[in-house]
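K.L.:
Using the sequences and the accompanying hints, generate a full structural model.
So for the sequence shown, the working numbering puts the first residue at 29; every next one is plus one.
Hint data in this document are derived by calculation from the structure and do not stem from the laboratory.
Predicted model, so just to flag it, every value in this text is computed and none were measured.
Glycine residues also receive a C-beta, built at the ideal position from the N, C-alpha and C atoms.
There's no promise every hint is true.
Claimed, not checked - Here are the simulated EDC-like cross-link-like pairs (lysine to aspartate or glutamate), alpha carbons at most 16 Å apart as the crow flies: (1) Lys130 x Asp37; (2) Lys123 x Glu90; (3) Lys70 x Glu97; (4) Lys123 x Asp99; (5) Lys130 x Glu140; (6) Lys120 x Glu90; (7) Lys126 x Glu140; (8) Lys126 x Asp136; (9) Lys51 x Glu124; (10) Lys120 x Glu97; (11) Lys130 x Asp75; (12) Lys70 x Glu90; (13) Lys123 x Glu97; (14) Lys51 x Glu140; (15) Lys130 x Glu68; (16) Lys70 x Asp99; (17) Lys126 x Asp75.
Said to hold, decoys possible - Between beta-carbon pairs, the in silico distance windows are: (18) Pro131 x Gln71: 13 to 23 Å; (19) Pro131 x Lys70: 11 to 21 Å; (20) Lys120 x Gly53: 15 to 25 Å.
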Amino acid sequence: MARILLAEDDEDLRRFLVSALEKAGHAVTSFGEGASAYEEIKQETFDLLLTDIVMPEMDGIELARRAAELDPALKIMFITGFAAVALNPDSKAPKEAKVLSKPFHLRDLVNEVNRLMAA
29 MARILLAEDD EDLRRFLVSA LEKAGHAVTS FGEGASAYEE IKQETFDLLL
79 TDIVMPEMDG IELARRAAEL DPALKIMFIT GFAAVALNPD SKAPKEAKVL
129 SKPFHLRDLV NEVNRLMAA
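P.N.:
Take a look at the structure:
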């Protein structure tokens, strides 16, 4: 079981992701934007940051960069329809971050999370 911090601004998708990850045995704390997620990560320890890239207030790349500065051992996965943005070297996204492109099946997300946590 992993402690996952999820940042996704699409409320319906966020609800589906939380449900799928909790059914797979993970503990999930979720937020609809990056700034609140960042405040939480300053207070609590997580195994994985699972974040969308395009969000209001603080985008996922900035969230991931700041979170990695706080906890270099934190694993990071972007879930996005804009994979090219995350993979662009100029984006300053943490280099170890994984990218899962939308749309994806919930089973694929759970499998990727489990793989990342086992690594």
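K.L.:
Does each hint hold? Answer for all of them.
P.N.:
Hints, verified against the model:
no., hint, result
1, Lys130 x Asp37, "holds (14 Å)"
2, Lys123 x Glu90, "holds (13 Å)"
3, Lys70 x Glu97, "holds (11 Å)"
4, Lys123 x Asp99, "holds (14 Å)"
5, Lys130 x Glu140, "holds (13 Å)"
6, Lys120 x Glu90, "holds (8 Å)"
7, Lys126 x Glu140, "holds (9 Å)"
8, Lys126 x Asp136, "holds (13 Å)"
9, Lys51 x Glu124, "violated (26 Å)"
10, Lys120 x Glu97, "holds (12 Å)"
11, Lys130 x Asp75, "violated (22 Å)"
12, Lys70 x Glu90, "holds (14 Å)"
13, Lys123 x Glu97, "holds (13 Å)"
14, Lys51 x Glu140, "holds (15 Å)"
15, Lys130 x Glu68, "violated (25 Å)"
16, Lys70 x Asp99, "holds (9 Å)"
17, Lys126 x Asp75, "holds (14 Å)"
18, Pro131 x Gln71: 13 to 23 Å, "violated (32 Å)"
19, Pro131 x Lys70: 11 to 21 Å, "violated (32 Å)"
20, Lys120 x Gly53: 15 to 25 Å, "violated (33 Å)"
Of the numbered hints given earlier, the model fails hints 9, 11, 15, 18, 19 and 20; all others are met.
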